[in-house]
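Student: The lines below spell out each chain.
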Amino acid sequence: MPEIFIAFSYRDILFLLQGALVTIALCAMAASSGLILALAIGLMRTAQRFRFLRWPAGIYVEIFRGTPLLMQIFIAYFGLSILGLNLPRFVAMSIPLILYTGAYMGEIVRAGIEAVPRGQREAGLSVGMTYGQLLRYIVTPTAVRVMIPPSVGFLVQLVKGTSLAYVVGYVELTRAGYIVSQSTYATMLVFTLVGTIYFGICYPLSLASQRLEIRLRRHA
Amino acid sequence: MLKLENVHKWFGSLHVLKGVSFEVSRGEVVVVIGRSGSGKSTILRCINGLEPIQQGRIEVDGDPVEAHSRQVRHIREKVGFVFQSFNLFPYYTALENVSLALKIVKKKPAAEARAIAEEMLTRVGLSDKLEAYPDRLSGGQQQRVAIARALAMSPELMLFDEVTSALDPELVGEVLKVMQDLAEGGMTMIVVTHEMGFARKVGDRVLFFHEGEIVEQGHPEQIFTTPQHDNLRTFIQSIL
Chain U
6 MPEIFIAFSY
16 RDILFLLQGA
26 LVTIALCAMA
36 ASSGLILALA
46 IGLMRTAQRF
56 RFLRWPAGIY
66 VEIFRGTPLL
76 MQIFIAYFGL
86 SILGLNLPRF
96 VAMSIPLILY
106 TGAYMGEIVR
116 AGIEAVPRGQ
126 REAGLSVGMT
136 YGQLLRYIVT
146 PTAVRVMIPP
156 SVGFLVQLVK
166 GTSLAYVVGY
176 VELTRAGYIV
186 SQSTYATMLV
196 FTLVGTIYFG
206 ICYPLSLASQ
216 RLEIRLRRHA
Chain G
275 MLKLENVHKW
285 FGSLHVLKGV
295 SFEVSRGEVV
305 VVIGRSGSGK
315 STILRCINGL
325 EPIQQGRIEV
335 DGDPVEAHSR
345 QVRHIREKVG
355 FVFQSFNLFP
365 YYTALENVSL
375 ALKIVKKKPA
385 AEARAIAEEM
395 LTRVGLSDKL
405 EAYPDRLSGG
415 QQQRVAIARA
425 LAMSPELMLF
435 DEVTSALDPE
445 LVGEVLKVMQ
455 DLAEGGMTMI
465 VVTHEMGFAR
475 KVGDRVLFFH
485 EGEIVEQGHP
495 EQIFTTPQHD
505 NLRTFIQSIL
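Taken in sequence, the protein lines are chains U and G.
The opening position of the first sequence corresponds to residue 6 in this note's numbering, with each subsequent residue numbered one higher.
The opening position of the second sequence corresponds to residue 275 in this note's numbering, with each subsequent residue numbered one higher.
With the rest of the complex left out, here is chain G (with noise of 0.2 Å):
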């Protein structure tokens, strides 16, 4: 469902993916894991267009993925993405941050669209937080809120970018334990992360960047007890 050919970018002179190429087929979890600066940020990025790409092509369900155009909006409402930083909407609690989407882009009746935002609140174990503003809510419950914002579009690809790296460490179990029912429950995701434990127990694949390159890519047991290239050996033991 989703496709990559040969994606270069540049920030400037700055060569950040080069040549990056691999699919992802439905109910797949990728995991892609690397040093800061190794481009697997910038991928998932490009992904839903939030950078455009100068070469190469990123296709989502057949259709071309350009940033800046009209129609990558709809490209965006198939596919979810989390951020490091949660980046909820300051001025709306839980339950607005979740229905405004589904309210404005989907034009679901108010009623609707709060039965959605509550069921997906719910589904993340926040249900009595449903009017709390994001400053009133933990930094576990408010990435668990930017999931469910996610998931209320009913996405069929689900981006998380380094979503527990901003978490203070007691608070990344319960974020991380959403994602992994969400993996199970067959959704389709790209999770670029540096939590290994969850990428052996979770991943189905897992890519490995080092300087904007695809370096290696296997199977999660794979990569972690048999890690045939230099740099992934190395960083996997820089990581345990």
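Next up, chain U with everything else stripped away, as it sits in the complex (with noise of 0.2 Å):
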């Protein structure tokens, strides 16, 4: 045990801190981002009067959802560049994630918005409400709550998927991990800690979500 201590600084641990930081600026990025992707998408797979935005939207969602995250990931960070397009890194690594995301999240927007019982989309309609109003004051209470669920499960998973931008060489949590047991030899310490603080980003949203859940359901 005590040797494992004196190769384990507390640098080591502002690297893995930093790396968790690089992890979570992904994460919010591609949730924030890919949430409005996600919302055009669901509209689209939904669209009443124009339908034809149905089937592209529908495309999109089953090339991303049919193919590895890992492969979105290489094309866009290695394709880009052979196209020309110098982005910066973390532009490079948010956009698979993003669209990654708008696929998923595009998908439980859809179903929540299909949650809602058409009889209440007619109620609206009879008052006079726009497609607009009544996607803003009927669909949207029970479709959210509807979502939390899928949406919670889906980010967990994203946390975690954004280590794959580890292959690529990108430095976040599990890439900054793979450094310090290269030079400190101290692998399963390591990895223990970059698991317990994945673990630490992941639980709390668990645990928001659930909290959310319960404080909805008053209403209902």
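If you are wondering where the hints come from, they were derived from the structure by calculation, not from laboratory data.
Predicted model, so just to flag it, every value in this text is computed and none were measured.
No residue lacks a Cβ here, since even glycine has one placed at the ideal position from N, Cα and C.
Wrong hints could be hidden among the right ones.
Claimed, not checked - Just a sample of chain U residues kept apart from chain G, beta carbon distances all over 12 Å, derived:
1. SER37
2. ALA45
3. TYR136
Claimed, not checked - Partial pick of chain U residues on the chain G-facing surface, computed with a CB cut under 7 Å:
4. ALA25
5. ILE29
6. GLY124
7. GLN125
8. GLU127
9. ALA128
10. GLN138
11. LEU140
12. ILE143
13. THR145
14. PRO146
Join the two chains, each given in its own frame, into one complex according to the hints.
Tutor: Here it is, written out as structure tokens:
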């Protein structure tokens, strides 16, 4: 035991925490931008008046759900630079994660919208609401409640998914762990620590969702 | 104020309305009866543009009803609709269910919307349930909230689509009472119902639908005591 702590200094821990910050930043970027994309996709997938919007959104979802995230990362990270687009590494890394989030969350949004009984939409229409008002006042309250559990499930998956960034040499939490383990040889300790940090990011998300669900249930 | 001319409606290959024509004048209470599948609910849904028609013409106050068009909203503001399954908004209180459209469709200030909603809920006998959520209300109470919600828009025409069919028998009376009060207050109404007592007492005219057509119409007394058409005769016997 003692020699492990000798090899393993507070600098290594700081390095891991920096990696964790990168992971969190990637997730925040992917989740926020991806959600906006997902809203658009979900609305297109359920379009009433402009039904032709359904199929491009459907193709997008199938492609990004039907191929490995790892491949999407490779293509975005290396493919874009081959095309002569020299994006900052954080941006190049964010793009596939955003697209991946858009596809999965888009389906969650669609399920949320479709969870609203037809009669409620018709009741809204019958009092003269526009489609936009219907979405905002009638669909959203139900859809949000339906969307919370699968969204949190996806977010947790996303946090762990960002660890794939390590294969292209992008230094996030997993890559940071790899680097530290190479220099300290304390592989077990380092990755136990890395795992704990991931858990420390994911678990509060689950807790927050449980609280939110309970709070929203009160008004049902 | 309402005019239907030769209205045809198909669901796919199913021909559900086969040339329906009738008119409703202001203040009239028209009761529509017929077996399930006769097209009587469909005709109501076509009148406020929830279902498109494939042929013919529907006019409210001279304006054509075209489902999916932009101006159909303005017709819906004038035409109240009450559903068999209430369709209250579950995450809004009774008061909010009634005031929501006043605020966002009629753009009334919150205080005025609230005052109107309170007045409507009082009118249907629910002044003590303003803050209740729909799942805390009985079926009869929910349906009365739904009626108040439609009335709040000050419609010129009210459509009732089998509004008591989903209710426990002991709750039917309270809803019919509200409708009768409305009729006596001069509201123009089309009521699709199986409540023959109500049809007889409140209706000015009864339309009998059979397989997508109006096969007989007339004053309630005449319809119920001296039905002409065989289908109407067997229908009335099966109901009584």
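Student: Now look at each hint and say whether the structure bears it out.
Tutor: Hints, verified against the model:
Against chain G, the non-interface label of SER37/U holds: every CB pair exceeds 12 Å, the least being about 25 Å. With a least CB separation of 22 Å from chain G, ALA45/U remains clear of the 12 Å interface cut-off, as annotated. Distance to chain G contradicts TYR136/U as a non-interface residue, since its nearest Cβ pair spans about 10 Å, not more than 12 Å. Interface restraint check: ALA25/U against chain G, minimum CB-CB distance 38 Å, threshold 7 Å, status violated.
Look at ILE29/U: its Cβ only gets to about 32 Å from chain G, farther than 7 Å, so that hint breaks. Proximity of GLY124/U to chain G holds as hinted, the smallest CB-CB distance being about 4 Å (cut-off 7 Å). Taking 7 Å as the C-beta cut-off, the interface hint given for GLN125/U holds, the closest approach to chain G being about 5 Å. A cut of 7 Å between beta carbons decides the hint on GLU127/U: the least distance to chain G is about 6 Å, and the hint holds.
A distance limit of 7 Å between C-beta atoms decides the matter here; for ALA128/U the minimum to chain G is near 4 Å, and the interface restraint holds. Satisfaction of the interface hint for GLN138/U is found here, the shortest Cβ-Cβ separation to chain G being roughly 5 Å, below the 7 Å cut-off. Taking 7 Å as the C-beta cut-off, the interface hint given for LEU140/U is violated, the closest approach to chain G being about 12 Å. Taking 7 Å as the C-beta contact cut-off toward chain G, the hint placing ILE143/U at the interface holds, the least distance being around 6 Å.
Violation of the interface hint for THR145/U is found here, the shortest Cβ-Cβ separation to chain G being roughly 9 Å, above the 7 Å cut-off. Contact between PRO146/U and chain G, as hinted, is supported at the beta carbon level, the nearest pair being about 4 Å apart and thus within 7 Å.
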